[in-house]
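Chains A and B are the protein sequences, given in the same order. Per the working numbering, residue 1 is the first one in the first sequence, and the count goes up by one each step. Per the working numbering, residue 1001 is the first one in the second sequence, and the count goes up by one each step.
Certain hints may be false.
Subject to a maximum C-alpha distance of 30 Å in a straight line, what follows is the list of computed DSS-like cross-link-like pairs (lysine-lysine) [claimed, not checked]: (1) B:Lys1150 - B:Lys1040; (2) B:Lys1080 - A:Lys6; (3) B:Lys1040 - B:Lys1024; (4) B:Lys1006 - B:Lys1040; (5) A:Lys24 - B:Lys1024; (6) B:Lys1080 - B:Lys1120; (7) A:Lys24 - A:Lys40; (8) B:Lys1080 - B:Lys1150; (9) B:Lys1006 - A:Lys24.
Worth flagging that the hints you see were computed from the coordinates, not collected in a lab.
Number of protein chains: 2
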Amino acid sequence: MMQLIKSAAEMQQEADRIRTAQRKIGLVPTMGFLHAGHLKLIEEARTSCDVVIVSIYVNPTQFAPNEDFSRYPRDFERDKTMAQNSQVDILFCPENEEMYGDDFGTYVEEQEVSRILEGKFRPTHYRGVATVVAKLFNICKPHVAVFGQKDAQQVFIVSKMVRDLNFDVTIVVVPIVREPDGLAMSSRNVYLSSADRKNALVLHEALASLERRIRNGERDVRVLRSEAENMILGKGSPSIDYVAFVDPDEFREIDRIVKPSVLVALAARFSGTRLIDNALISLDEH
Amino acid sequence: MMQLIKSAAEMQQEADRIRTAQRKIGLVPTMGFLHAGHLKLIEEARTSCDVVIVSIYVNPTQFAPNEDFSRYPRDFERDKTMAQNSQVDILFCPENEEMYGDDFGTYVEEQEVSRILEGKFRPTHYRGVATVVAKLFNICKPHVAVFGQKDAQQVFIVSKMVRDLNFDVTIVVVPIVREPDGLAMSSRNVYLSSADRKNALVLHEALASLERRIRNGERDVRVLRSEAENMILGKGSPSIDYVAFVDPDEFREIDRIVKPSVLVALAARFSGTRLIDNALISLDEH
Chain A
1 MMQLIKSAAE MQQEADRIRT AQRKIGLVPT MGFLHAGHLK LIEEARTSCD VVIVSIYVNP
61 TQFAPNEDFS RYPRDFERDK TMAQNSQVDI LFCPENEEMY GDDFGTYVEE QEVSRILEGK
121 FRPTHYRGVA TVVAKLFNIC KPHVAVFGQK DAQQVFIVSK MVRDLNFDVT IVVVPIVREP
181 DGLAMSSRNV YLSSADRKNA LVLHEALASL ERRIRNGERD VRVLRSEAEN MILGKGSPSI
241 DYVAFVDPDE FREIDRIVKP SVLVALAARF SGTRLIDNAL ISLDEH
Chain B
1001 MMQLIKSAAE MQQEADRIRT AQRKIGLVPT MGFLHAGHLK LIEEARTSCD VVIVSIYVNP
1061 TQFAPNEDFS RYPRDFERDK TMAQNSQVDI LFCPENEEMY GDDFGTYVEE QEVSRILEGK
1121 FRPTHYRGVA TVVAKLFNIC KPHVAVFGQK DAQQVFIVSK MVRDLNFDVT IVVVPIVREP
1181 DGLAMSSRNV YLSSADRKNA LVLHEALASL ERRIRNGERD VRVLRSEAEN MILGKGSPSI
1241 DYVAFVDPDE FREIDRIVKP SVLVALAARF SGTRLIDNAL ISLDEH
């Protein structure tokens, strides 16, 4: 039977009890509206942990005032059923008042990678992410926390936070889960009209095309970016936030591909719905 | 026999072992050069905890480039003996490379109280304090952490960080320990010439005088501050950074004393040595 916990103090006590019994805790932090991508994270947590906690919390501090916090899709009953069916042990689902008191004012901030790519378009986003993940770590006391590669920059920043602040948590990353037609799974996909839903496939196709071009020897990021941008703009003229080529070890943008792998990350808006996708491309096939 | 631990990973493993054995951990974070004030903190930790950890680490991120990081007094052998004699269980004394890697870049920052009083004169100080305390909490995994009231603002900010980020740590505060003549204990007192050492007594005397004036009915902060400043300036003309009157619940400066207690905090420099002191003054004697 899945436990439902809403209080941070109660969750901490329960985590202490589990740890004292020498059982291993895996945490899957989510904003709810669960999809097959989340279920993969839960499955992954189960492989190495005795107790799987899923947190469901739409974190206001990672949304800017002009963003979609209030209309972000929520369906708690459906989430609960999906979690139960996935053998989740504890669903931690705090209210806003439990997470942020009126006088809240202490933030965790990674100060370099947080400012590029997503961070350029969403300046306070990763400060909100780092802060809420630190809070969830302190509340759920996991041995392992599982994140999706879908937000590659988030994975990098959270891993860096763990190292920099000595959180005793192992970060496990799960590959992007896609719809059968290639669209990366996202709770935000429900925002898409059916026309935009089709057009959005171009993001995945552009990444696949970049992979072929890079494996065929193209190393100049300017050339590659312009090809990808033309391809994306041809499908319903979305607005592109960025198509970025990143050194995956340091998460810094590069001009030329010299290392054996490159992370290509992109963000575009289809009629106002902002989607991200990425691919870690190895220069040699395997 | 006191354990000496220099590695964060080893300290975490040891903390896990202690916690699994259901023993309670008390942490006393220090910058070393221990004095009777620190010993009181250790004593306090002992009253409620099974295992007392003292950390000794002169934290570079809480010093500005123009401050006394490099000449801050250090005497590890003496500290070790004092800790041993005080029945400390574990001395955690990491090197700089253990605490801050070359690519360190994630900070914890309380964003309001950190900017006033000390924070005005030391703009990055409390960011460094909050960050290193968060790290020490994640490394030593204490149930209880003991701080001195000597840095009242630090106590407030650390307590706020604990609440805001859900650290499962109880903060215990120990009153200021003073030399027989009234000077607040501080590792920095060794910087003082014998003339300045005598002049510095005026800080304590000014606080005592303010207490009398407040209990006798004076409520106007402008009047009280000007009296205290004149008194302090009369003793060897130190430079005063601030004499502040603070609402102890919210840590906000006030113009007029209306609540039943007020925190008076001050900072002054005697030939370049910066000293702080404070007193929590209740309006009614008891």
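Review point. Given the hint that B:Lys1080 pairs with B:Lys1150, does the C-alpha gap stay at or below 30 Å?
Key: holds, 23 Å
Review point. Taken at face value, is the distance from the CA of A:Lys6 to the CA of B:Lys1080 at most 30 Å?
Key: violated, 45 Å
Review point. Is the Cα-Cα distance between B:Lys1006 and B:Lys1040 30 Å or less?
Key: Distance ~24 Å between B:Lys1006 and B:Lys1040 Cα, so the pair holds.
Review point. Are B:Lys1040 and B:Lys1024 close enough, with their CA atoms no more than 30 Å apart?
Key: holds, 19 Å
**Study point:** Restraint check for B:Lys1150 with B:Lys1040, where alpha carbons must lie at most 30 Å apart
**Key:** holds, 12 Å
Check your understanding: Taken at face value, is the distance from the CA of B:Lys1120 to the CA of B:Lys1080 at most 30 Å?
Key -> Violated - the C-alpha atoms of B:Lys1120 and B:Lys1080 are around 35 Å apart, more than 30 Å.
Point to revise | Restraint check for A:Lys24 with B:Lys1024, where alpha carbons must lie at most 30 Å apart | key: holds, 20 Å
Exercise for review: For the pair supplied as a hint, A:Lys24 and A:Lys40, confirm whether the alpha-carbon distance does not exceed 30 Å.
Suggested key: holds, 19 Å
Exercise for review: Would you check the hint for B:Lys1006 and A:Lys24, treating anything up to 30 Å between C-alpha atoms as holding?
Suggested key: holds, 26 Å
When held up to the earlier numbered hints, the structure conflicts with 2 and 6 and fits the remainder.
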